[in-house]
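K.L.:
Please build the complete structure, drawing on both the sequences and the hints.
When we follow our numbering, the leftmost residue of the sequence shown carries the number 78, and every step to the right adds one.
Just to be clear, a hint being listed does not mean it is correct.
Computed spacing ranges between beta-carbons, pair by pair [what the hints assert, rightly or not]: (1) Ser183 to Pro208: 39 to 49 Å; (2) Thr241 to Ala193: 36 to 46 Å; (3) Asn181 to Asp223: 16 to 26 Å; (4) Gly425 to Val470: 35 to 45 Å; (5) Ser373 to Gln479: 46 to 56 Å; (6) Asn488 to Asn181: 31 to 41 Å; (7) Glu125 to Ser490: 16 to 26 Å; (8) Ser393 to Thr491: 46 to 56 Å.
No lab work stands behind these hints, which were simulated from the structure alone.
We treat Cβ as the ideally placed atom computed from N, Cα and C, and that holds for glycine.
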Amino acid sequence: TPDTGVEAPADAGVTPDPDGGTTPTPDSGVPVTPDAGTPPDAGDLCMEQPVKPRQPASVYYGTTRPTYVPLTDDQILAIGSFDVCSGLLIDYTWVLTATHCTLNTSNRYCIGNQPANPNICFNIRRVIDNPNGDMTLVELTRDARDLAPTVQPVPILHENMDSTWLNRTAEASGYGQQEDGSYGEREFTAEPIVRLQGDTLTIDGQGQHGVCFGDSGGPVFVIASDGTVRVAGDLSNGDGNCVGQDNYTRVDVHRAWIESYVGTTTPPPPQPCGAVDAEGECSADQTQAIWCGTDSTLQTETCAASELCTWDSGASGYRCVNRAQDPCQGIGERGECRSNVLLWCQRGQLLNRQCGVCQESCVPESYDDNPHYNCIPSSCGDLDFLGRCEGDVAVWCTREGQIERQDCASNGSTCGYIDQVTGYYCQ
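P.N.:
Here you go:
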């Protein structure tokens, strides 16, 4: 439905019902019993069912530590402020930022160990604007290690970005405006990559978090195929509400220009694991696995077309597994909703919860393309988030567990099934 913007998985086993509503398809490969509502012994049945943990609420604009990309403290120190804009050390004397910041040699670049105290400042030797994109290189008058001996620049991404990067998680950072109107504190926000067009990379805060004024020129980080953290772009522009889509100028498109000044990018040392453990995790679209190796460095694996990332009992962690051997039949930890039944994979075990038995509805927990699904307390009965038609009125269950209606006849349209993104709505 329109308020979710969520695409149900292609194999979700849900098809339009001629009478309105949704029904499970027989070829889904997963047995699903449509939830008939609340039986007399619902309390006992509800207590017996497994519970899927809810996802923690996102901080409105960001967090003081990265939550996805495992940056070290020394790499975090490389993120800095020009007061009017943000930037990143990509070498010990070079900072990547944005041209529209209109910097000059009177500005200073400041970094700091404390998020709200960028007190280590460097003068600028020269400012070089990219003639073909919103990207600027700032050369400092001295090596950053002179004043910050442990600082570790983050190198630029050295592989070309293509459609396989879509829906992967990136992590943006900057010293810009926060939700209380204040400036000057380094924060992070992890968001999916939703578009690659020309020299622009777009991430989406989905109405919950994002970068803002003063974050311009700041970096967006990704985990490269070699398992190292790289900067993929500098912030060019974005939605004015600071919780929508934000556009970054891509370094892979302008790599030759960058290296003509900075020099050839030196491969960084192996990336420490940060918060990633030996079990690891899967990307939202189950196409990539990351985990901590036995040498305490970050490991990554991009799954082949015949594979997906799921629990591998042999490795006791999340790895790329042949689809035919997936114990959860393509369903990931994020789960799926099928006829008000929640299905999800938990360490190789396919679990299900009949939401209606507990007076709950199965809905997406967020508005992105790869949300977590869960059962939430609801007044929707057996109505799910895809909805149904009641005559020419579209009816659906919101992710807050409330029934929403749209009278299609009032704008001269009729109600019908649109697709697995929209569900039933006016057409």
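K.L.:
So, for every hint listed, does it hold in this structure?
P.N.:
Hints, one by one, checked against the model:
{"no.": "1", "hint": "Ser183 to Pro208: 39 to 49 Å", "verdict": "violated (22 Å)"}
{"no.": "2", "hint": "Thr241 to Ala193: 36 to 46 Å", "verdict": "holds (37 Å)"}
{"no.": "3", "hint": "Asn181 to Asp223: 16 to 26 Å", "verdict": "holds (22 Å)"}
{"no.": "4", "hint": "Gly425 to Val470: 35 to 45 Å", "verdict": "holds (43 Å)"}
{"no.": "5", "hint": "Ser373 to Gln479: 46 to 56 Å", "verdict": "holds (47 Å)"}
{"no.": "6", "hint": "Asn488 to Asn181: 31 to 41 Å", "verdict": "violated (53 Å)"}
{"no.": "7", "hint": "Glu125 to Ser490: 16 to 26 Å", "verdict": "violated (44 Å)"}
{"no.": "8", "hint": "Ser393 to Thr491: 46 to 56 Å", "verdict": "holds (53 Å)"}
In this structure, the hints that do not hold are numbers 1, 6 and 7, in rising order.
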